[in-house]
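2 protein chains.
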Amino acid sequence: MIELTPVLDDKGDKPLYIQLANYIKQEILSGRIKREEKLPSKRNLSQYLGLSLNTIQSAYDQLSAEGYVDSRPRKGLFVAAIEEDINSNRYYPQISEAKFEQLKANVKIDFNSGKVDLEHFPFPIWRKLTMQSLYADQSEVFNNGDPQGELLLREQIATQLFASRGVRCNPDQIIIGAGTQVLMCLLALIIGKDKFYALENPGFHRTRTVLQDLGVETIAIPLDENGIYVKGLKNSGAHVVYVTPSHQFPFGMVMPISRRMELLKWAEDYKGYIIEDDYDGEYRYKGQPIPSLQGLDTRGNVVYLGTFSKSLIPSIRISYMVLPATLLTKYQEHFTIYKQTVSRLHQNTLYHFMKDGHWQSHLNKMRTLYRKKHAILMSSIKKDFGDKVNVIGENSGLHIVLELKNNMQENELINSALKVGVKVYPLSMYYHNSQECMGSKVILGFGGLSESQIEKGIRLLKQAWEL
Amino acid sequence: MIELTPVLDDKGDKPLYIQLANYIKQEILSGRIKREEKLPSKRNLSQYLGLSLNTIQSAYDQLSAEGYVDSRPRKGLFVAAIEEDINSNRYYPQISEAKFEQLKANVKIDFNSGKVDLEHFPFPIWRKLTMQSLYADQSEVFNNGDPQGELLLREQIATQLFASRGVRCNPDQIIIGAGTQVLMCLLALIIGKDKFYALENPGFHRTRTVLQDLGVETIAIPLDENGIYVKGLKNSGAHVVYVTPSHQFPFGMVMPISRRMELLKWAEDYKGYIIEDDYDGEYRYKGQPIPSLQGLDTRGNVVYLGTFSKSLIPSIRISYMVLPATLLTKYQEHFTIYKQTVSRLHQNTLYHFMKDGHWQSHLNKMRTLYRKKHAILMSSIKKDFGDKVNVIGENSGLHIVLELKNNMQENELINSALKVGVKVYPLSMYYHNSQECMGSKVILGFGGLSESQIEKGIRLLKQAWEL
Chain A
1 MIELTPVLDD
11 KGDKPLYIQL
21 ANYIKQEILS
31 GRIKREEKLP
41 SKRNLSQYLG
51 LSLNTIQSAY
61 DQLSAEGYVD
71 SRPRKGLFVA
81 AIEEDINSNR
91 YYPQISEAKF
101 EQLKANVKID
111 FNSGKVDLEH
121 FPFPIWRKLT
131 MQSLYADQSE
141 VFNNGDPQGE
151 LLLREQIATQ
161 LFASRGVRCN
171 PDQIIIGAGT
181 QVLMCLLALI
191 IGKDKFYALE
201 NPGFHRTRTV
211 LQDLGVETIA
221 IPLDENGIYV
231 KGLKNSGAHV
241 VYVTPSHQFP
251 FGMVMPISRR
261 MELLKWAEDY
271 KGYIIEDDYD
281 GEYRYKGQPI
291 PSLQGLDTRG
301 NVVYLGTFSK
311 SLIPSIRISY
321 MVLPATLLTK
331 YQEHFTIYKQ
341 TVSRLHQNTL
351 YHFMKDGHWQ
361 SHLNKMRTLY
371 RKKHAILMSS
381 IKKDFGDKVN
391 VIGENSGLHI
401 VLELKNNMQE
411 NELINSALKV
421 GVKVYPLSMY
431 YHNSQECMGS
441 KVILGFGGLS
451 ESQIEKGIRL
461 LKQAWEL
Chain B
1 MIELTPVLDD
11 KGDKPLYIQL
21 ANYIKQEILS
31 GRIKREEKLP
41 SKRNLSQYLG
51 LSLNTIQSAY
61 DQLSAEGYVD
71 SRPRKGLFVA
81 AIEEDINSNR
91 YYPQISEAKF
101 EQLKANVKID
111 FNSGKVDLEH
121 FPFPIWRKLT
131 MQSLYADQSE
141 VFNNGDPQGE
151 LLLREQIATQ
161 LFASRGVRCN
171 PDQIIIGAGT
181 QVLMCLLALI
191 IGKDKFYALE
201 NPGFHRTRTV
211 LQDLGVETIA
221 IPLDENGIYV
231 KGLKNSGAHV
241 VYVTPSHQFP
251 FGMVMPISRR
261 MELLKWAEDY
271 KGYIIEDDYD
281 GEYRYKGQPI
291 PSLQGLDTRG
301 NVVYLGTFSK
311 SLIPSIRISY
321 MVLPATLLTK
331 YQEHFTIYKQ
341 TVSRLHQNTL
351 YHFMKDGHWQ
361 SHLNKMRTLY
371 RKKHAILMSS
381 IKKDFGDKVN
391 VIGENSGLHI
401 VLELKNNMQE
411 NELINSALKV
421 GVKVYPLSMY
431 YHNSQECMGS
441 KVILGFGGLS
451 ESQIEKGIRL
461 LKQAWEL
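From first to last, the protein sequence lines stand for chains A and B. With this note's numbering, letter number 77 in the first sequence gets 77, and the count goes up by one each step, no holes. With this note's numbering, letter number 424 in the second sequence gets 424, and the count goes up by one each step, no holes.
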């Protein structure tokens, strides 16, 4: 039944039936009650509003007389068809997505770095385990859970994180959350908004935004070929540094062991915290494996941030952080009041997926697959672009930075690519000040594209950029 | 395969094989490599680490000689069983949940206000629709979606929110998020952290914490029998007020239309925003329906916060807010950089659930069910407690406040209830200063209990409190 919520004044000038009729009229005119919709029966409305049947009858008669409603014998009262233009909503801006959608439709090949390969995702297993979770002890999975996240899932993460990334922790240290931004926000509150945060420049814009929106003081530290410039960090006076050592975002360099040790030394000397965001560290194509900063840390100065967005699928929104002892204590003292943000159903499904070994084998499969896609991308670039470009950050991860030697501006590169149906991405937005971005560079993600799409995309880019 | 990430120094004092053996030894001793676990084959590890087969062989021989690993013919090398106590993790505090679990196990009847009735949740339909979503266009549901949330779901919410709560909005105004705290945090950033926020006292502690943790200035406004005291609000100088008009949390009064109009007038006169948290407004037992503040607002001064935690299930973590035009503009200008926090699979499932009419019929069913449970609760209280108690806030929602006339302290009430296996909840935590909480009062939620549990719980409380 339509829930009518009129404000009636029984001491008012107008009789109740007129007030009710006017209210319903207004609802019809505003489009809130749709045409052809059935009005409640007189008896129901009378009970619902606590008004007499007579009042309802009079109000309905009034509406009928004015042509707002039609009576259909033995069926009831229906809203009459009224001019469409009365129905438009005057108060709120309508966002026209038409233009955007049109452009999107023309994009044939999208080098989006946020996408992953879905063709090889083990849907049947995921479906089966989702079903199992839905059938499992329902009263448990459907009420609120542990604010840190499900213990069983945290146990799996603790075990497998060590195996895949060399992270050393126990499940109590892990906090699950619906994405890196949710966790970064919580983390900044735990560490303290009065602290001074150093960020890679260029670096991950979403983290920068969270911190700046929280009103936290931040400073941009430049990079050299090994990652964040530690001398700059030392001089900055920062208490906390956020880094992406496995695959710097966006430049893609892998931080060598020497730089990692330098960074850990900084944390020790300056009593600082390092936030290590390992967003796609599972994928490595060249060089020896390097342990995570967290795994190398013996002083409890590192927070490790991980996500299943790249190693599984982005849309289930499961990330996690590993807190060192000092921050864990602060979390437990105050922050368990923040409810868990990830669905228990997904947590439970992921737990089974990991426990049964599917995550490891998916990861192994994906490593091979991305290695292949990466090789295709590199060979296509070599074949079609030759020495007219440099590739930056090609040792790991799911994207590269392409530097052109043709002096085209970033927006020219992006727009001319769009004209041939290819979407490539800007680098400038990752700088604290976009004007610091020099040269002709764009970002190409390849995780979500097939091998033939990658080849075709590069061919089209050659054409677009006239290389 | 176990991913080993040793840091080896080929210019160091010790030969590489010793360095590798020492590393593996350390991993075993620390418990990071578990006993009985199989080590990688020599060939695999050699390829993986880029070391010669000889080096690996020598390292394995060393470990074998020292008793850390056992060779099993034709099966490989396995970690030997080592004393358990070596495996303990020295660095991090182990949280002992034993005591808590023990207490929890003794709780037979839990008057938790966060729980809902799960027995009548249409699991078969939800499972079917979840499956449909999992089979649907996979490439769509599994990549990242719209930061505001899925448009199809927002359309359903806009339509049905009007029908069930009288909220007037179009889908563009709706932002979906993983719980009220996530949305409150985002909302405070949109409205501005420099603004001054008035809160009901007592009021919802999780919102208060979010705002205070963000460093926002807050002021506690007392309540009278109609809800927040608007004169106090006027004198406070606040720019924003957070209220729970459908069922004040925790006291449960329904804000009458006159007070609502007063509050809207305040917003108009003081150019303020009202945040209307309608966390369980779907359930009303007495009195006429009163439109939501958002529905009464003609000036665009109200933000409406809703959730599916009470009207569906808490664990899927889906809430939403409806922004007025001014705040929507601010959101679109800057805040779409915040990724959506709710799984697309759940959003898609909920969309179908709503579209097919299941949400409305579930809500109707639940209204009848909770009305019955509520009636049982009230009659049990009357029968067992007679005039020794007052019931506060019994007109709507899924909890009541019980005031005893026996002068017992809050913690005495809770502890003596626990001794007979019944959990009731404190009121004092909802006050800005817990010492403001006067008299003998506790909170009883009834949504998650069966009728017989409610009756039994009240009988046990009579015994515990010696009424």
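If you are wondering where the hints come from, they were derived from the structure by calculation, not from laboratory data. A hint or two may mislead.
[Unchecked claim] When the alpha-carbon atoms are kept at most 27 angstroms apart in a straight line, the in silico DSS-like pairs for lysine-lysine are as follows:
1. B:K405 with A:K34
2. B:K108 with A:K339
3. A:K355 with A:K108
4. A:K383 with A:K405
5. A:K38 with B:K365
6. B:K365 with A:K42
7. B:K286 with A:K42
8. A:K355 with B:K441
9. B:K365 with B:K355
10. B:K365 with B:K388
11. A:K265 with B:K365
12. B:K339 with A:K115
13. B:K339 with A:K193
14. A:K339 with B:K286
15. A:K115 with A:K382
16. A:K330 with B:K193
17. B:K405 with A:K38
[Stated by the list, open to error] Example chain A residues on the side facing chain B (calculated, C-beta under 8 angstroms, incomplete):
18. G145
19. P147
20. G166
21. R206
22. V342
23. L345
24. K365
25. R367
[As the list claims (entries may be wrong)] On the chain A side, residues computed to face chain B include the following (Cβ under 10 angstroms):
26. G114
27. F123
28. S292
29. L296
30. S311
31. I313
32. P314
Glycine residues also receive a C-beta, built at the ideal position from the N, C-alpha and C atoms.
Against the structure, the hints come out as follows:
Under the criterion of a C-alpha separation no larger than 27 angstroms, the hint pairing K405 of chain B with K34 of chain A is inconsistent with the structure, at around 52 angstroms. With a C-alpha separation of about 24 angstroms, the suggested pairing of K108 of chain B with K339 of chain A holds against the 27 angstroms cut-off. For the proposed pair K355 of chain A and K108 of chain A, the alpha carbon gap of about 38 angstroms is over 27 angstroms, so the pair is violated. Straight-line distance between C-alpha atoms of K383 of chain A and K405 of chain A comes to about 16 angstroms, which keeps the hinted pair within the 27 angstroms bound.
At most 27 angstroms may separate the alpha-carbon atoms for a hinted pair to count; K38 of chain A and K365 of chain B meet this at roughly 21 angstroms. Between K365 of chain B and K42 of chain A, the direct Cα distance comes to roughly 22 angstroms. Compliance with the 27 angstroms bound is thereby established for this hinted pair. Restraint check: the Cα-Cα separation between K286 of chain B and K42 of chain A comes to about 20 angstroms, which is no more than 27 angstroms; the hinted pair holds. Between the alpha carbons of K355 of chain A and K441 of chain B the distance comes to roughly 46 angstroms, so the proposed pair goes past 27 angstroms and is violated.
For the hint linking K365 of chain B to K355 of chain B, the alpha-carbon distance of about 17 angstroms falls within 27 angstroms, and the restraint holds. Between K365 of chain B and K388 of chain B the alpha-carbon distance is near 33 angstroms, which puts this suggested pair outside the 27 angstroms criterion. Straight-line distance between C-alpha atoms of K265 of chain A and K365 of chain B comes to about 62 angstroms, which puts the hinted pair past the 27 angstroms bound. Taking the CA atoms of K339 of chain B and K115 of chain A, the gap is near 14 angstroms; set against the 27 angstroms cutoff, the hint holds.
Between K339 of chain B and K193 of chain A, the direct Cα distance comes to roughly 22 angstroms. Compliance with the 27 angstroms bound is thereby established for this hinted pair. Straight-line distance between C-alpha atoms of K339 of chain A and K286 of chain B comes to about 31 angstroms, which puts the hinted pair past the 27 angstroms bound. Taking the CA atoms of K115 of chain A and K382 of chain A, the gap is near 24 angstroms; set against the 27 angstroms cutoff, the hint holds. Under the criterion of a C-alpha separation no larger than 27 angstroms, the hint pairing K330 of chain A with K193 of chain B is consistent with the structure, at around 23 angstroms.
Straight-line distance between C-alpha atoms of K405 of chain B and K38 of chain A comes to about 51 angstroms, which puts the hinted pair past the 27 angstroms bound. A least Cβ separation of about 6 angstroms between G145 of chain A and chain B falls short of the 8 angstroms threshold, and the interface hint therefore holds. Checking P147 of chain A against chain B: minimum C-beta separation of about 10 angstroms lies over 8 angstroms; hint violated. At its closest, the beta carbon of G166 of chain A sits 4 angstroms from a beta carbon of chain B; the interface hint therefore holds under the 8 angstroms criterion.
At its closest, the beta carbon of R206 of chain A sits 6 angstroms from a beta carbon of chain B; the interface hint therefore holds under the 8 angstroms criterion. At its closest, the beta carbon of V342 of chain A sits 7 angstroms from a beta carbon of chain B; the interface hint therefore holds under the 8 angstroms criterion. Hint status for L345 of chain A relative to chain B: holds, with the closest Cβ pair at about 7 angstroms, below 8 angstroms. Because the closest C-beta pair between K365 of chain A and chain B is about 14 angstroms apart, greater than 8 angstroms, the hint is violated.
At a threshold of 8 angstroms, the smallest CB-CB gap from R367 of chain A to chain B is about 11 angstroms, leaving the interface hint violated. Because the beta carbon of G114 of chain A sits about 6 angstroms from the nearest beta carbon in chain B, less than 10 angstroms, this interface hint is met. The criterion of a C-beta within 10 angstroms of any C-beta in chain B is met by F123 of chain A, whose closest approach is roughly 6 angstroms, and the hint holds. For the restraint placing S292 of chain A at the interface with chain B, the shortest Cβ-Cβ distance is roughly 8 angstroms, inside the 10 angstroms limit, so the hint holds.
Here the hint on L296 of chain A is kept, as its CB sits about 7 angstroms from the closest CB of chain B, short of 10 angstroms. The beta carbon of S311 of chain A comes no nearer than 13 angstroms to any beta carbon in chain B, farther than 10 angstroms, and the hint placing it at the interface is violated. Below 10 angstroms, beta-carbon pairs count as interface contacts, and I313 of chain A has one with chain B at about 5 angstroms; its hint therefore holds. The interface hint given for P314 of chain A holds, since its Cβ lies 5 angstroms from the closest Cβ of chain B, which is under the 10 angstroms cut-off.
Violated hints for the displayed structure, listed by number in ascending order: 1, 3, 8, 10, 11, 14, 17, 19, 24, 25, 30.
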